[in-house]
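In order, the protein sequences belong to chains D and E.
So my numbering is basically just the index in the first sequence, starting at one, shifted up by 276.
So my numbering is basically just the index in the second sequence, starting at one, shifted up by 276.
It is possible that part of the hints are untrue.
The list makes no distinction among identical chains, and a pair is therefore deemed to hold if it is satisfied within one copy or across any two copies.
[Claimed, not checked] Here are the computed lysine to aspartate or glutamate pairs in the DMTMM-like style, where the Cα-Cα straight-line distance is at most 25 Å:
| no. | residue 1 | residue 2 |
| --- | --- | --- |
| 1 | Lys-488 | Glu-447 |
| 2 | Lys-418 | Glu-517 |
| 3 | Lys-415 | Glu-517 |
| 4 | Lys-301 | Asp-662 |
| 5 | Lys-454 | Glu-485 |
| 6 | Lys-286 | Glu-423 |
| 7 | Lys-295 | Asp-662 |
| 8 | Lys-524 | Asp-419 |
| 9 | Lys-524 | Asp-422 |
Hint data in this document are derived by calculation from the structure and do not stem from the laboratory.
Protein chains: 2
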Amino acid sequence: MSISDILDGKLTEKEVEIKGWIVTKRSSGGVQFLVIRDGTGTIQSTIHKDEVAEKIFQDADKLTQESSIIIEGIVKEDKRAPGGYEVRVKDLQLVHLAAQEYPIGKKEHGVDFLMGVRQLWIRSPRQIAILKVRAEVIKACKDFLDERGFTLTDSPILTPSAVEGVATLFEVPYFGDKAFLTQSGQLYVEAAIAAFGKVYCFGPTFRAERSKTSRHLTEFWMVEPEMAFFTFEDNLKLQEEMVTYIVKRTLEKRKRELEVLKRDVRPLKKAEPPFDRISYTEAIEMLQKAGYRIEWGEDLGAPHEKFVSLKFEKPVFVHRYPTKVRAFYMQPDPDDPKLVLCADLMAPEGYGEIIGGSERIHDLKLLEQRIEEFGLPKEAYEWYLDLRRYGSVPHSGFGLGIERTVMWICKLKHIRETIPFPRTMKRVYP
Amino acid sequence: MSISDILDGKLTEKEVEIKGWIVTKRSSGGVQFLVIRDGTGTIQSTIHKDEVAEKIFQDADKLTQESSIIIEGIVKEDKRAPGGYEVRVKDLQLVHLAAQEYPIGKKEHGVDFLMGVRQLWIRSPRQIAILKVRAEVIKACKDFLDERGFTLTDSPILTPSAVEGVATLFEVPYFGDKAFLTQSGQLYVEAAIAAFGKVYCFGPTFRAERSKTSRHLTEFWMVEPEMAFFTFEDNLKLQEEMVTYIVKRTLEKRKRELEVLKRDVRPLKKAEPPFDRISYTEAIEMLQKAGYRIEWGEDLGAPHEKFVSLKFEKPVFVHRYPTKVRAFYMQPDPDDPKLVLCADLMAPEGYGEIIGGSERIHDLKLLEQRIEEFGLPKEAYEWYLDLRRYGSVPHSGFGLGIERTVMWICKLKHIRETIPFPRTMKRVYP
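Just chain D, same shape as in the assembly (with noise of 0.2 Å):
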C-alpha cells in the first residue's frame, strides 16, 4: 500500500499500512498530527489520545524529524488535510528513531552546506520533486524513441580520442597506457546506424570543465539519437517531435511536482512544433543591435544563448554556425561553404542550449580533410573513417542534455538540484 494510492482516492475508509519517514509532527490537544512520506507521496495522519493505546500516544510523542515508523488505521477524505486525504492511527511501531537535530532544518542554509549533505537534501520536497521530473524525462527519451524503431547501442565511457576538444578531456590511467572518458557517444552511434538504422545511446559524458557556471557539471548524462539517411531537415523535425514530447509527458504525469516546484506551465505548453528558427548570423546581428561585442565567427557564449532565448517563447533552432566553431564531423551548408548544417535547441525564458545537432560528412575525402584542418591525429580517427569506407550515408544525429533539459522544465537557477549526485570542478562527494 502506498501513499500514491491513498492521494489517488483508491483508499478511502480502508484500513492501510504505511511504510516511512516522519516529515513534520505537531500536537494540539489530545491529537497528534504526524505528516509521513514513504516514497510515493506525503501525508498527514493524526493519533487521537483517546482512540490509542497510552504507549504509542507517548512513543509518538517522542518522534524526531526523519525517523523511520510503520503505521496501521483507516483513510479518512478531509478537505482541510493538504492533498484532501489523512490516515487517522491504530497503531504506530518505530523502526528507527533518528539522530535528534536533522542537519537540514528549516532555516535557510548555505549551498555548500546542502551539497556536502546530498545524502539527506535529496528527502526534501522540492529535491523530490526535482529528481521526479527527471526520471520522467529520461523515460520519455527512452519511450519516443523505443516507439519509434530506435535500437539502443551503448556507446563506450573509456576511448582513445577526444570529441569534443582536449582541453576539457579526463584522462584515465590504464594498465600502463591511457584512456580518456567520453564527451560524447557520438562517433560510436554513428558506426551502430549501418547495422541498425536508428539507434540512440544513453549514458554519462564528462567534460572537465574549468567553468563554474549554474550550467555546467563535469559529470552529465546525455541522450544521443543517430539516424542513417536523414537529412538535416528531417533532423530538426524528430528534435521538435521529441522535446514536445518529453514536455508534454512531464505536464501530465509530474503535475503534482511541478506544482511543488511553484513552477508556471503555460510557457511550458507553448513547446509545440514547429519550433522557432534564427541562422547563426542572424543571431549576431540581433546581438550586435543590442549592444554585445561579439563578431561574425565566434562561437556564441551563455550571455548570448540567454539573450537569443529571451527572444522566443518557444524553443528556437539557432542554425548553421561558422564551420571553425563547430565540430570537425559537420556536414558543410551546400548554399555557403563557410557554414555547416548544425542547430543548437535552446529552451526558452533565458535557457540556452539543451541540444546539438548535425547532419555529418559522410564524405571520405572532406572528412579527411577536415581531421587535418582540426590537427587530430588520423591514426586515432581510421576507424571513424572506416564508416565513410564502406556504405557511407548521410546521416544526422543531435544530444539533448538531461540535466539541462530539466533545469529548464522545473525552471531552476542551478543545474547541480537536477541530478542526485552532481560533480563539479569543486565537488565529488559524497
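Please build the complex by placing chain E on the supplied structure of chain D, with the hints as guidance.
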C-alpha cells in the same frame, strides 16, 4: 518503409522504397540477387535484366559488399526467398560504392582482428542479433521496474571511494585531487530509498580486472534496484520475477534474433519462479564431493560457479556466504552470525553469476564495526553512515549484470560480444 514491415507481411504487392546496405550479391542468368539490410531486417531483392533500364542492371553488377543503396520495387511473397518475401526492383540508386575488399570476409577471422574492426563487425548478422537482444534485455529491466513503481536515480560515476575493493579501482586525476570510477552504484541508491522508497540506477560500472577470463570486461553495465523495507526473502522474490520477465520478453520479442544465433530456447523456458536454492555451505559440500579442492570460508571462483550452475535446470540462488568473503555492508544471518544474508543468482547451462544481492546492514553500530573490521577509511563513509543515523530502515537490493545476462540468454562463449564496444585490459580501441 522498413524491411521488418515487409517481413511482417504488411506490404505484400505494395511498392516500397528501401534504403540500406548490400549484404551479399550473386547473379544467375538475367537476374541479380541482392540481399539488403536496412537496420530493421534483411531481405532478398531481385533485378531482372528485362525489367529495368540497362544502366540500373550495370550499376547493380558493380556493387560491392556493404555498398549503400536505395531501391524501389514491388514486394512479392516468395516461399523460396529467405524470410518468405522479396522485392522485385524497379529502380536502384547507388549512394556509396564501398571500397573493394571489405575487411570482414567469409573466411574465419581471429578475435583480435575482429575486435580491432568492431566498428564494422557489429554489422554482421550474428552481432546484430546479439546487440538486439541486449537492447531488449535493457528495456525489459527498465519496464519491469518502472511498472512496479521504482524511480530511476542515477548514481555518480566519479566517486570518492571504493565499493567493491580497492584492487580493481580505476583512479582519475581530478583537478589536482583524485576520484575513482564507480564499481557499483549501490551506496547511492541506498541513500535514494529514503526519498523514493523503491529505486534503481542503471549505468556503466568499472573494474580494473587483470583477469583475462571470458566473463570479465573492465567496463560493464549494471541495473541496481534498492528497496526500503524489503527483507532478504522479498529481495529474492523480486529477482525471480525480474529474471523471468526479462527471459520471457526476449523469447517473445527477439525470436528471429535467437534463431539467427541458433539458440535452443528450451532451457530458457524453464526460468520460472520459484528458482532453485542452495546455501553456500551446501555448495561447498557439493564441490568437495565432486573433488574440488575448496574449503569452507573461501569464495567461489568461476569454475565452482560453473559446476554449481550445471547441476540445476533453472537459475539457482547460492545464498548465505561467510561474512569474510562478502562486502562490508551485508546484514548478518540472524541464525548464524558467521554468515550474511546475501545471494548470488547463477544462470544455468554453466553460466554462473548474473546477480549479486543482499539485505544491507541498517544498524549504525554494526555498520561502523564492519567498516573498522574491513579496514576501510571511516571518513569516506560518513555520508553513508548518515543513512543509519536518520531514519534507518531494513532494506535490500541487488545488481544484475547486463552483459552476463545477455551472454547467457544468447548462449555465448565470450562476454565481449554482448556490448557494442567492449573494453578489456588489452583493448580500449576503437
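Status of each hint after checking the structure:
{"no.": "1", "hint": "Lys-488 - Glu-447", "result": "both (20 Å within a copy, 23 Å between copies)"}
{"no.": "2", "hint": "Lys-418 - Glu-517", "result": "both (13 Å within a copy, 23 Å between copies)"}
{"no.": "3", "hint": "Lys-415 - Glu-517", "result": "both (15 Å within a copy, 22 Å between copies)"}
{"no.": "4", "hint": "Lys-301 - Asp-662", "result": "between (65 Å within a copy, 21 Å between copies)"}
{"no.": "5", "hint": "Lys-454 - Glu-485", "result": "both (20 Å within a copy, 15 Å between copies)"}
{"no.": "6", "hint": "Lys-286 - Glu-423", "result": "between (31 Å within a copy, 18 Å between copies)"}
{"no.": "7", "hint": "Lys-295 - Asp-662", "result": "between (57 Å within a copy, 20 Å between copies)"}
{"no.": "8", "hint": "Lys-524 - Asp-419", "result": "both (13 Å within a copy, 20 Å between copies)"}
{"no.": "9", "hint": "Lys-524 - Asp-422", "result": "both (17 Å within a copy, 19 Å between copies)"}
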